[in-house]
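K.L.:
Fit chain D to the known structure of chain C by using the hints.
Here's the letter readout for the chains.
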Amino acid sequence: MYAVRHIALNVFKESVRDRVLYSLVAFAALLIGGSFLIGQLTAGSDMKIIKDLGLAAIATFGLLIAVFIGIGLVWKEVERRSIYGLLSKPVRRHEFIVGKYAGLALTLLVNVAMMTAAFYLVLAFMDTQFPENVRAIWPAPAVDPGMLRAIALIVVELLLVTALALFFSTFSSPFLSAGLTVGLWVIGHFNADLRNFEAVVDSRTAASFARALYYVLPNFAAFDIKTQVVHALPVPASYLITTTAYGLVYVALLLTGAVVIFGRRDFK
Amino acid sequence: MSRSALVLILVLSAGVIGLQAVHERRGGPLAAATENFLYVQSPEAMQRLALSYDALLADLYWIRAVQHFGSTRLSQDPNKQYDLLYPLLDLTTSLDPRFRLAYLLGAIFLSEPPPGGPGRADLAIALLEKGRRADPREWQYPLSIGFVHYWWRQDYQEAAAWFLRAADLPKAPEWLRPLAATTLAQGGSRESSRVLWRQILDTAEVNYLRSEAMRRLDQLDAMDQLDALRAAVNAYRDRFGASPDGWEDLRRAGYLRGNPVDPTGTPYRFADGTVSLDATSPLHPLPTEPVRLR
Chain C
1 MYAVRHIALN VFKESVRDRV LYSLVAFAAL LIGGSFLIGQ LTAGSDMKII
51 KDLGLAAIAT FGLLIAVFIG IGLVWKEVER RSIYGLLSKP VRRHEFIVGK
101 YAGLALTLLV NVAMMTAAFY LVLAFMDTQF PENVRAIWPA PAVDPGMLRA
151 IALIVVELLL VTALALFFST FSSPFLSAGL TVGLWVIGHF NADLRNFEAV
201 VDSRTAASFA RALYYVLPNF AAFDIKTQVV HALPVPASYL ITTTAYGLVY
251 VALLLTGAVV IFGRRDFK
Chain D
1 MSRSALVLIL VLSAGVIGLQ AVHERRGGPL AAATENFLYV QSPEAMQRLA
51 LSYDALLADL YWIRAVQHFG STRLSQDPNK QYDLLYPLLD LTTSLDPRFR
101 LAYLLGAIFL SEPPPGGPGR ADLAIALLEK GRRADPREWQ YPLSIGFVHY
151 WWRQDYQEAA AWFLRAADLP KAPEWLRPLA ATTLAQGGSR ESSRVLWRQI
201 LDTAEVNYLR SEAMRRLDQL DAMDQLDALR AAVNAYRDRF GASPDGWEDL
251 RRAGYLRGNP VDPTGTPYRF ADGTVSLDAT SPLHPLPTEP VRLR
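As given, the protein sequences belong to chains C and D, one line each in that order. This note's numbering numbers the first residue of the first sequence as 1 and each following residue consecutively. This note's numbering numbers the first residue of the second sequence as 1 and each following residue consecutively.
Treat the hints with care, as some may be off.
Stated by the list, open to error - On the chain D side, residues computed to face chain C include the following (Cβ under 10 Å):
1. Ala50
2. Asp59
3. Val206
By construction, these hints were calculated from the structure, which means they are not laboratory data. In this text, a Cβ means the ideal position worked out from N, Cα and C, and glycines have one as well.
Extracted from the complex, chain C is given alone in its bound form:
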């Protein structure tokens, strides 16, 4: 456990050294700039657009960090040959993988938490810019704690993306890992099409294959409840629990796979 914590903290410190947290500046600039521009460009709906922009930016910045740091976590150690030194210490291979994953997860959590705080600050400021009669017809208040549900699922989605990137980085190059991770993330948004494939093809075999893929591939579309929270539509607690459980079990599966593959790698 000590080794896992130590590796995780090192990954976190390294990401801070690599100026990953600079993304927060870009996020804040995007959000503040967007808030001023949107009022000039559109007729009404400013608050909805700011919320959409903020949630999408949190998801995108998180995704970029998860993919581009996740793919180098293992590869960098192998490439620099620092893996030899590491594994010669009392660090077991599964601790190395779990520690790396936990470190990046911690980086993402800190990042998302700070982006969320900045997001709510901008919303609180925007709230003061509208008269009472306009605020009265918004489906939800500007500083709506209900949006945390969408952010929570974004975090679970990012944890899953990180696990995917780490999984691929245990056996392939960063370029290929990035391609595979982003590819699966994209495919994961078409899950509904895979489920309904039988409606567009006559072949039972193809339909069964698509149905199998529907169950096996990560369903990233399930984590997206941004539209629902912005419009203050109900999101049942059971949905949040099931989706979170789905994400975490998938993460456990990928980490197990990564540990198995990494454990079998020969670094001689």
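P.N.:
This is chain D only, laid out in the frame that chain C set:
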């Protein structure tokens, strides 16, 4: 950074800015590049391409729809084309089916007659029907459909039926039933139009809608004032056996106290014995007088 590198960066920056200025002075991009174009028109395709950014893309298409409507409306082109307006609104509302303002304001844009809009009341109703399918409990959609029937189609029976449908929905305001009754009893009268626009003014969520309602109310006032001025001209003609030469004659005869101006402060026109709204007035052109129940 060495001094020569700094100089080079400054020179190159000046070059880029200078060339951009030359480019702009020569008229900017070539005509073909500025033509309005929508690469993806299929809402189904765009829903898939959007991945998890459907709401954000809906916002972008909404901004584009507002810009397209506004820039076309303000352009000096005598042949204004709003071809992209409905496809943009359709994409917006397909990507975010709960985008209430895109339905409500989009319908107003679509039904505005040329040159201020495309004059497509049919598409406005289609858009609002789409909104109703997405959220059948929202009373503003049937109210807006009734409004399109009332104002642009002058079909008061249909308008009253939609107002009643809106009144049946949860959270509907109490004034909807009286509005339906007034529409049926005296649809098309200025007074019933005034009631409708006043309600829109009171419940408007955005500045555009508020100023549009105020403009329409001013137009109704201007129509009343024009009627009164025409009555004064006729009374003068009956009394003196000839048309007045101008406002001065009417004032001297005691029909007016000063030069009449419309609600925006623009003087009314008086030429060849005829009173009319000045073409430079923000209220020009006045809406067509309803004909069916007048």
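K.L.:
Compare the structure with each hint and give your call.
P.N.:
Hint-by-hint comparison with the structure:
1. Ala50: holds (9 Å)
2. Asp59: D:Asp59 check passes; min Cβ-Cβ to chain C is 4 Å, inside 10 Å.
3. Val206: This hint holds: D:Val206 lies near chain C, its Cβ roughly 3 Å from the closest one there, short of 10 Å.
Comparing the model with each numbered hint stated earlier shows that all of them hold.
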